[in-house]
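If you're matching them up, the sequences are chains C and L in order. All residue numbers for the first sequence refer to this note's numbering, where the first residue is 27 and numbers rise by one. All residue numbers for the second sequence refer to this note's numbering, where the first residue is 27 and numbers rise by one.
Among the clues, some could well be false.
Since copy identity is lost for identical chains, a pair holds within one copy or between any two.
Simulated pairs of lysine-lysine, DSBU-like, Cα-Cα distance not exceeding 30 angstroms [said to hold, decoys possible]: (1) K290 to K82; (2) K290 to K86; (3) K118 to K290; (4) K330 to K192; (5) K290 to K80; (6) K192 to K290; (7) K290 to K140; (8) K330 to K66; (9) K290 to K66; (10) K82 to K192; (11) K80 to K192; (12) K82 to K330.
Keep in mind the hints are simulated off the structure, nothing from the lab.
Number of protein chains: 2
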Amino acid sequence: MSHSIFSSDAPHQEASNLTAFAGNDLDRQAEHRDEQSVEKALQRDGTHILAFTKEKLVLKHDGQVLDPLFARYELQELDPDWDEAILLGYRKTGEPRLAVPVRIDAEELACQYKPADARSLYRDMLLDDMLLGEVAQGVSLIRWNGDNRFCGRCGSPMESRIGGYKRVCTACEHIIFPRTDPVVIMLAIDEERDRCLLGRSPHFPEGMYSCLAGFLEPGETIENAVRRETLEESGIQIGRVRYHASQPWPMPHSLMIGCYAEAKTVDILRDEAELEDCRWFSRDETLAMLERVTAPSGHTSPPKGAIAHRLMRDWVEWNS
Amino acid sequence: MSHSIFSSDAPHQEASNLTAFAGNDLDRQAEHRDEQSVEKALQRDGTHILAFTKEKLVLKHDGQVLDPLFARYELQELDPDWDEAILLGYRKTGEPRLAVPVRIDAEELACQYKPADARSLYRDMLLDDMLLGEVAQGVSLIRWNGDNRFCGRCGSPMESRIGGYKRVCTACEHIIFPRTDPVVIMLAIDEERDRCLLGRSPHFPEGMYSCLAGFLEPGETIENAVRRETLEESGIQIGRVRYHASQPWPMPHSLMIGCYAEAKTVDILRDEAELEDCRWFSRDETLAMLERVTAPSGHTSPPKGAIAHRLMRDWVEWNS
Numbered sequence: 027m028s029h030s031i032f033s034s035d036a037p038h039q040e041a042s043n044l045t046a047f048a049g050n051d052l053d054r055q056a057e058h059r060d061e062q063s064v065e066k067a068l069q070r071d072g073t074h075i076l077a078f079t080k081e082k083l084v085l086k087h088d089g090q091v092l093d094p095l096f097a098r099y100e101l102q103e104l105d106p107d108w109d110e111a112i113l114l115g116y117r118k119t120g121e122p123r124l125a126v127p128v129r130i131d132a133e134e135l136a137c138q139y140k141p142a143d144a145r146s147l148y149r150d151m152l153l154d155d156m157l158l159g160e161v162a163q164g165v166s167l168i169r170w171n172g173d174n175r176f177c178g179r180c181g182s183p184m185e186s187r188i189g190g191y192k193r194v195c196t197a198c199e200h201i202i203f204p205r206t207d208p209v210v211i212m213l214a215i216d217e218e219r220d221r222c223l224l225g226r227s228p229h230f231p232e233g234m235y236s237c238l239a240g241f242l243e244p245g246e247t248i249e250n251a252v253r254r255e256t257l258e259e260s261g262i263q264i265g266r267v268r269y270h271a272s273q274p275w276p277m278p279h280s281l282m283i284g285c286y287a288e289a290k291t292v293d294i295l296r297d298e299a300e301l302e303d304c305r306w307f308s309r310d311e312t313l314a315m316l317e318r319v320t321a322p323s324g325h326t327s328p329p330k331g332a333i334a335h336r337l338m339r340d341w342v343e344w345n346s
Numbered sequence: 027m028s029h030s031i032f033s034s035d036a037p038h039q040e041a042s043n044l045t046a047f048a049g050n051d052l053d054r055q056a057e058h059r060d061e062q063s064v065e066k067a068l069q070r071d072g073t074h075i076l077a078f079t080k081e082k083l084v085l086k087h088d089g090q091v092l093d094p095l096f097a098r099y100e101l102q103e104l105d106p107d108w109d110e111a112i113l114l115g116y117r118k119t120g121e122p123r124l125a126v127p128v129r130i131d132a133e134e135l136a137c138q139y140k141p142a143d144a145r146s147l148y149r150d151m152l153l154d155d156m157l158l159g160e161v162a163q164g165v166s167l168i169r170w171n172g173d174n175r176f177c178g179r180c181g182s183p184m185e186s187r188i189g190g191y192k193r194v195c196t197a198c199e200h201i202i203f204p205r206t207d208p209v210v211i212m213l214a215i216d217e218e219r220d221r222c223l224l225g226r227s228p229h230f231p232e233g234m235y236s237c238l239a240g241f242l243e244p245g246e247t248i249e250n251a252v253r254r255e256t257l258e259e260s261g262i263q264i265g266r267v268r269y270h271a272s273q274p275w276p277m278p279h280s281l282m283i284g285c286y287a288e289a290k291t292v293d294i295l296r297d298e299a300e301l302e303d304c305r306w307f308s309r310d311e312t313l314a315m316l317e318r319v320t321a322p323s324g325h326t327s328p329p330k331g332a333i334a335h336r337l338m339r340d341w342v343e344w345n346s
């Protein structure tokens, strides 16, 4: 009797679904997008809109409660740009969800509104997982549409089509589609000495170490990108690579691809332009960082929900 | 004693490295790219250049031999656009490799030159694996640079920087980086009945069936994209997803992410706009397609080197 090609983790346990921004379960109806998508959705009952000023989400706040969901009529005073409205999809209840850019700057918003970027929404846990996932989708598309108002080929204005999922040049008819940037993020493991490789960017909070990471480049496999980035940043040579999990990362439109990487060497040669420190951590040290135990070292890991946290946690618990 | 987190496959056996376009092992020196990168490379001995007219590679042909490698002086008669030259990287021998767009159209090339797109180079096996991988990197960057001559934010001209890996707006200083589009491609497996799900696009060669595939969208994990695309195209519901391999796919700048997908249902509801057929194939039928045995059915798989071929082959051989 042959055994399954799949692991024993059900989808709700899969590592990707345990990351922040992954909770989006909108029915995108990708194959039914057309020029009427937005108008049809706006005519449905219970339509709710996420409003964005540049890449910041606008939240209504009424005393204690922060609410990002606007009804159509509520949006009017923020000067929405309906030509750039995006249909994100439909909730299981049938409720349509849109993202709409508004022309009021964050600084000019009245006091009942609060702008927040995706990173703060995640860090300060201001939204539930599902809504945070919808915001991730919204931010990425708002940014991509905003970055492509003019045609890269001829410089003429472009127009939004099929609910924000396509742009077409008004002069040369060049067509473009939304962009997602794959990033490899990896935990290099020295299995013989039971330790993992972590680094510190200068812009990290004090004491925090995380996995190395970098953009996958055109013409690379995931595995080769993991090997190249690890070598560039740390001087460590990598053998085998194992995919573990992925995460939407709306800063502004990345896909984090999380992998384990087999360290074949031990001597670190840090890229000083990228990292202010890079070192090996034992399994016990890594566990203490994840648990945010006040260790004498004062080191911490990225917070729960970060794919780096997931890679570290799942390695610590591997075979333990 | 704990067992390794890595599989037993060494890097040279890993599935990704067995796909076409993955053979690129240039040292990209990504962290050392600067405004002098191209000029420095051109001054080295043994520099070779891949020449592109639009997205087509220009090959020199001299009787029987097709040669895509131009010395700097050989390129002059094709009217190269040196401002848009791209430094791909360095071979292990130290030989620099560049990609340069030329202003002569494919139709106007003299008879000693032959233009060829990446798909034909792969299908007709005109180049060795390493060179094909370098061409993949070149095509993707040539296309991205060509698609972004003007700024998407303000419509002003953009200029190439750091050897083709960055563009900057001459007016608003907006900066952009190369684009790679993640695509999920998956073999859905009905383990109980030991069969896999394959479909036929109308533009496939006669008799060919392949894995379902589609672009990953902003705000999705890899696993959720696999579930969404399979459901949209075939009506089959997917449970667990297992990453298997990735492949650079320069048509023009995709990253194919190959996965196995656990089929939870059996009744196919085909997306008629996308597929002209979609059906289950037994392990024996799949093997016959891979071996290109003339079966009564006349069905074939994509050729060796295609990631779909890899997914099918590695499933057939799983536990067999």
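How the hints compare with the structure:
no. : hint         : in the structure
1   : K290 to K82  : neither (43 angstroms within a copy, 39 angstroms between copies)
2   : K290 to K86  : neither (52 angstroms within a copy, 41 angstroms between copies)
3   : K118 to K290 : between (48 angstroms within a copy, 20 angstroms between copies)
4   : K330 to K192 : neither (34 angstroms within a copy, 33 angstroms between copies)
5   : K290 to K80  : neither (45 angstroms within a copy, 41 angstroms between copies)
6   : K192 to K290 : neither (44 angstroms within a copy, 32 angstroms between copies)
7   : K290 to K140 : neither (49 angstroms within a copy, 44 angstroms between copies)
8   : K330 to K66  : neither (38 angstroms within a copy, 45 angstroms between copies)
9   : K290 to K66  : neither (56 angstroms within a copy, 32 angstroms between copies)
10  : K82 to K192  : both (22 angstroms within a copy, 26 angstroms between copies)
11  : K80 to K192  : both (19 angstroms within a copy, 23 angstroms between copies)
12  : K82 to K330  : within (23 angstroms within a copy, 47 angstroms between copies)
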